[in-house]
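Protein chains: 4
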Amino acid sequence: MGNVKTVRWGVIGLGWFGEVHADTLASMPGIELAAVCTRRPERLREIADRYGVPRRYTDYRQLLADPEVDALSVVTHVDDHRQIAVDALRAGKHVLVEKPMAPNVRECDEILAAARDARGLFMVGHICRFDPRVVLAKQAIDEGRIGRIISMHARRNLSKTIGRQVLDKISALMGDGIHDADLMLWFSGARPLSVYAQEVHPGPNRYPDAGWAMFRLEGGAVGVVESVWHLPETTPYQIDARMEILGTEGAIYVNCGEAGLEVHDRHGPRMPDTMYWPKPFGQRFGILRAELRYFADCVSQGRPPERITPEESRAAVELMAAATQSAQTGEVVRLGEGPGEG
Amino acid sequence: MGNVKTVRWGVIGLGWFGEVHADTLASMPGIELAAVCTRRPERLREIADRYGVPRRYTDYRQLLADPEVDALSVVTHVDDHRQIAVDALRAGKHVLVEKPMAPNVRECDEILAAARDARGLFMVGHICRFDPRVVLAKQAIDEGRIGRIISMHARRNLSKTIGRQVLDKISALMGDGIHDADLMLWFSGARPLSVYAQEVHPGPNRYPDAGWAMFRLEGGAVGVVESVWHLPETTPYQIDARMEILGTEGAIYVNCGEAGLEVHDRHGPRMPDTMYWPKPFGQRFGILRAELRYFADCVSQGRPPERITPEESRAAVELMAAATQSAQTGEVVRLGEGPGEG
Amino acid sequence: MGNVKTVRWGVIGLGWFGEVHADTLASMPGIELAAVCTRRPERLREIADRYGVPRRYTDYRQLLADPEVDALSVVTHVDDHRQIAVDALRAGKHVLVEKPMAPNVRECDEILAAARDARGLFMVGHICRFDPRVVLAKQAIDEGRIGRIISMHARRNLSKTIGRQVLDKISALMGDGIHDADLMLWFSGARPLSVYAQEVHPGPNRYPDAGWAMFRLEGGAVGVVESVWHLPETTPYQIDARMEILGTEGAIYVNCGEAGLEVHDRHGPRMPDTMYWPKPFGQRFGILRAELRYFADCVSQGRPPERITPEESRAAVELMAAATQSAQTGEVVRLGEGPGEG
Amino acid sequence: MGNVKTVRWGVIGLGWFGEVHADTLASMPGIELAAVCTRRPERLREIADRYGVPRRYTDYRQLLADPEVDALSVVTHVDDHRQIAVDALRAGKHVLVEKPMAPNVRECDEILAAARDARGLFMVGHICRFDPRVVLAKQAIDEGRIGRIISMHARRNLSKTIGRQVLDKISALMGDGIHDADLMLWFSGARPLSVYAQEVHPGPNRYPDAGWAMFRLEGGAVGVVESVWHLPETTPYQIDARMEILGTEGAIYVNCGEAGLEVHDRHGPRMPDTMYWPKPFGQRFGILRAELRYFADCVSQGRPPERITPEESRAAVELMAAATQSAQTGEVVRLGEGPGEG
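Chains as they are written, first to last, in this note's numbering: chain A, 1 to 342; chain B, 1 to 342; chain C, 1 to 342; chain D, 1 to 342.
These are computed hints drawn from the structure, not numbers from a lab.
All figures in this text were calculated on a predicted structure; none of them were measured in a lab.
It is possible that part of the hints are untrue.
Copies of one chain are not kept apart here, so a pair can be met inside one copy or by any two copies together.
To be verified - Below, computed lysine to any residue pairings styled on SDA-like, alpha-carbon distance capped at 25 Å:
1) K169 to E312
2) K160 to R266
3) K169 to P41
4) K279 to E312
5) K5 to P29
6) K279 to G189
7) K5 to Y51
8) K138 to E311
9) K279 to G257
10) K160 to D273
Given only the sequences and the hints, what does the whole structure look like? Please build it.
Now the structure itself:
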């Protein structure tokens, strides 16, 4: 062997999570953080200087035109996903878009169409699909260890402090419920038949702070998603994320919120992130790194991602868009009735 | 002082829980287990002999006619509550009926009417109202420590082994959801506006093994109830019971399933009951005893129970009956539209 | 039947825990809070007025001379236990002394001698012996479900806030370790052969804030006791109390610190007491009440307490006194070598 | 950039954990699994064939002579570490040895001498030093968030099923206590002054199944290590591993045993490994991978490992060897009295 080809990676969008992408990519063997892009020149300089990135863009189209970039992370506002993803695919790049894929099914379909015709690979960054806790749960389900699924519940709650920063861009129900909608469809392998949802909007931001959705799945299982971005500022949870999958022969309990560490100091108890993207003593660890590794390996080896397909990402958007509609109308929304749906 | 008048107590219905009532009452100071009643003569003899109870009846009407009985536990099938409770109240007894009060609102109303005209006191045995974990949660809410309630979730799941024994008499959603419906109304102090529910029926019994209900309450909070009586036989939970109450300023987490004891033996891990009605070394302890104590004190002191009123018990039945209707029709049920409802 | 004789009870010592005794006794049927005693006249008036207690004493000898008092709680400083207990037993009272029985074995022996000659009953208030979590653990051990015990660990840690108030009277190791020394001897039924201990003394109080003791028991088991009264002020634990008992065939995990309730408010998360002596909505509940009930029943029925004997209480003092000696000398202390010891 | 030099890696010892090394290395970019070695020809063929490794040796000296191997994992019986490590260092290889470094201090010193003179790098695989839960705890300590350490406890307990397979090679106290001895020295930055230990030996294997050690550290902290490889076969724990670090201003709770996943199937509840070396859907994840990555990066960049030094690995062996001596003699062992010790 001897040598491996590195994947030259660009990051579009340098908010806090774009920075996490950049920081993680910069430390990974076989990957070169080759380019960064944001509309804000100061932020661009800050991040590019920190990682010694020579290719710096304030217009993503210029980045797409750069032949020295192979792959991209799109970590922008969800409303911009469609335009950038479609342009990037047409430009021949490999494209990793953060979740949710897009705000609605129509825009998902435009991306899907572009991805079908593209040379580059396409994947939505459903990080939970790379979480060993979740993936081992899926394996246990596939091995038949819990029988047929009867009931699922998922919670993904955050503090007000975080909610306040995000709730002008996306609702709690769409922003985090998308994870669990995807996982429930994946775990069950079943189509959703109907969804009912309620939202609560105690905060001053544009979108509701709290939402609950209840799905009925083909085959009879019920799935319930809880997403409340309004825990007290003093909450010890970085995220209170858990999932229970109850089957006819067994049960699975996933806890992604209590990740093995509690620090009680004068500010009170806190449970820091130890799994998603911690950086103990400067070495990035965790699930985001595994996700980026997976996509890089797909790129290197020229094989389309199978761990999460674009169609699956679209199905999660479809389900949570229907949930949002139910919350707004107060009515049950039926799904999957026409061809090409679900 | 010197002496206290004992309350002479009868138990009608000697299934497993009637036996727990009898056994607890037999050990309590100030209470005399004076009479027992069941249609099954052998069972009657077994229990009456064990506790040395002289007054033994196979017909509850005879017990009601016995002037040496002051108070009653009615621990029969829910479908028999109305008839026995009404007769007992008319006979001048103090009456404690197990939850749910009755299978539907109409029968609740008949009992309420009888209770209004009666000399005796009436209470439904909503045991959770006497659980210190729950009651201290209510106190914290009333003190304003979590602000206004946004979202509540309650789970009360049991193993198949137990489900199988109960699911011919009542559904999981009604049987255990009644606890949480009551608590959510109590915690929030709000009327329910609508309810949507789903049930799953994987088992062979008459009623569904699993149910979820979502309430919208006046004031905007959402309440979600989960009740699955189909956990695997190997589950370590005696009961997996927990509740989260999320407010604008704080959050409360109640865990009634992990009660401080795990025994891992060759059959695997189990978490025995340490709170509801344990009997370590022959001394009954716990919440049921506190509930019976409370009712006995009300009787001794001639004051109507305030910890849970008949109207509140009726409201929980109304809500869960509406949930059951929703589960059967697949439609949202609106509540509380007319005067005098809710 | 009809009537029961009430037990007329006095409380000597009205610090915070004497008040809890008084408050609990005042609410119990079959018990009359008949007398209270403290050297502090204002405190005496406060407590006596609150509960309407007519017999009020600033000298415990006067209380002992009062023929209208049957039984006593001695809730004073541990250094005063011997004198009061001996005098009370000689005065013919039934005596319940808080733990530890006395600060050393010699004083325990004086009490034991007085108790042997007394008309009244005597018990030390080892509350954990009435904790259903602990008692059900003991039952499982006695049933052989975990085989022979190999290893035990017990933790009983408190915040600095509490430690600061208590550490001038007793060390953490003696003050809380006494519980676990007693339980380990009870669980194993074995004599201690040796003990080694370490203490740490970071705080300004008279006694060390933190201690660890390791016992070797006859039969080969190891027992380890941890007692740290120096958790941060922000700790969510009311008490971090847990115990693990590992046997050749099974294992038992007791958690007395996480008792089913977490309240997260603007001061951070806290886990209130729900088991020892909570008073939700004015009704005392819990283990202290069960302990007092048990002693009252023994008094009523004229049978010596068996749930914890004076000899067992003495053995716990002996073991923890040896631990303290080890911590002070840095050497292993051998026990139980002479007849009549251990 | 474009290309990176791969590190060519050999694995000596192909027991179950040598296989985990091989499997992990085979999947890592920038690393080539170049050679494997075991005395057992069939096992050699099995592993080498599975990963397509051309260089196969039954004698480790031949592997050391192979110029196409840069770095090594030594995953043999601990008694063979010294010989192989010394030879490998003399042969100019980079050497990663599994923990413990060696069975005693003398052999550690021989390895240290060889490492000092060697061209290659040397590290002992103290995996916990790469565990984000542990490392973030260390960071919090270094930031002063818990003040000065008072008390530490660590548990690392395993089922009998695993114990039985390992207890002929090493004791529980040495085998797992070595992790926690190292971490306590690292966390506190203090020298051990004394150690006292007890072991229990209920099983039929050569070494004791259970051990407890208590350290006194310079500066006054106490450290207590628990290692019991005798949990019941039905234990849900893959490993029951937790650590508490109590300081004057705060406290840290690490739980490495409950790693976010419980699967309850017909065999009962289990908590699979999700952190150390899980392989969900064929992608290795976790801490072992991070450790190997770190050593590979050190090799690539020619910088000596700083995350754990050979001297630190030796100090852990010294401490646990003293603990073993204490357990055997029943006496306290004093440490660090001579120059060059500790």
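Evaluation of the provided hints:
1. K169 to E312: within (23 Å within a copy, 42 Å between copies)
2. K160 to R266: For K160 and R266, both the intra-copy (20 Å) and inter-copy (12 Å) Cα distances are at most 25 Å.
3. K169 to P41: within (22 Å within a copy, 61 Å between copies)
4. K279 to E312: between (30 Å within a copy, 23 Å between copies)
5. K5 to P29: Both, since 10 Å and 10 Å are each at most 25 Å.
6. K279 to G189: This pair counts as between: shortest inter-copy Cα distance 22 Å, intra-copy 35 Å.
7. K5 to Y51: both (20 Å within a copy, 21 Å between copies)
8. K138 to E311: Within one copy only: 19 Å inside a chain, 43 Å across chains, cut-off 25 Å.
9. K279 to G257: This pair counts as both: shortest intra-copy Cα distance 17 Å, inter-copy 21 Å.
10. K160 to D273: Answer is within; shortest intra-copy Cα gap is 17 Å, inter-copy 28 Å.
In the structure shown, no violation is registered for any of the earlier numbered hints.
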